[in-house]
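Use the sequences and the hints to build the structure in full.
All residue numbers for the sequence shown refer to full-length UniProt numbering, where the first residue is 1 and numbers rise by one.
Source of the hints: derived by calculation from the structure; they are not laboratory data.
It cannot be assumed that every hint is accurate.
[What the hints assert, rightly or not] Straight-line Cα separation of at most 25 angstroms, DSS-like style, residue types lysine-lysine; simulated pairs:
| hint | residue 1 | residue 2 |
| --- | --- | --- |
| 1 | Lys-181 | Lys-171 |
| 2 | Lys-229 | Lys-321 |
| 3 | Lys-321 | Lys-171 |
| 4 | Lys-181 | Lys-270 |
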Amino acid sequence: MSLAFLQVSEPESSLCAMHNSSVNNFGGIFLFLFCFLLMPSGGAACVFSGQPLDTAKVKMQTFPRLYRGFIHCIVSTYNQVGVRGLYQGTTPALMANIAENSVLFMSYGFCQQVIRFAAGLHQEAVLSDMQKACAGSVASIFSSLVLCPTELVKCRLQAMYEMEASGRIAKSHNSVWSVVKSIMRNEGLQGFFQGLTTTIAREVPGYFCFFGAYELSRTAFADYMKCGKDDIGVAPIVFSGGFGGACLWLVVYPMDCVKSRIQVMSMTGKQAGFFKTFMTIARTEGVRALYSGLTPTMVRTFPANGALFLGYEASRKLMMKQFDS
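Spelled out as structure tokens, the structure:
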């Protein structure tokens, strides 16, 4: 998940002027290009700080009976493959982070205007926290289109060792390029969109919860501190992001589990949709299996979002100086 919405989240700030109908396209593109060069530092920090935990999450989602817990999963992976095994899929994870932030940023301003139009508000009206949550939820549909292919490659790389060890697939070179070539050769271009429906089903309610919880938390801090949302400081911002991420995962985690299963198990050539996969897991493994790997996800949420926020804050301050000058 990303924090791209922050760059336009406050209509009362100097950035809001860039999201009226006449300036939104040019200003949004300029801001996107500016931040695209700066945000990867925060995104990279987010990915590298949380990648081992994300790897444990995917492995436990796909093979819930293989590991007793996320510590056992991490230790086993290290003993079997080494540090490299904990960082399998880092390249597509970085690509997913940058792509998701970029598309969300480009579409969020437009989605805000859609919400204003639907609510009968004028173009520069200040949206409520829930209206911002709705705008982020709609924007996530666009980001899903670029997120699904990169997450597909990431998840397959992360679960490759277990798939080969269990005999489900033949041993092969475990590189990003080898996975991409295999998908193109065996499944075609549409193969990159395995799990797209589930990705959208996860992102739409997920971003509503994330945006809503984040904005409500910032509002609570601002009210308590008797200041504006932009003046609450770094620690409350980091907490708000972590709180939003925690709310997101608690709501959508079963859908993420199903998505991981679909994307990894489709390596065997067997195609299964969201409902069939969900019912198979619930019937044969129990509802608890749908939450396998939740612990490393929750542990990862706060530091990963905190790292991303720190990178974002540095980028935003530099950007604001450029606009002020």
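Tested hints:
| no. | hint | result |
| --- | --- | --- |
| 1 | Lys-181 / Lys-171 | holds (15 angstroms) |
| 2 | Lys-229 / Lys-321 | holds (19 angstroms) |
| 3 | Lys-321 / Lys-171 | violated (53 angstroms) |
| 4 | Lys-181 / Lys-270 | holds (18 angstroms) |
Taken one by one, the earlier hints fail for this structure only at number 3.
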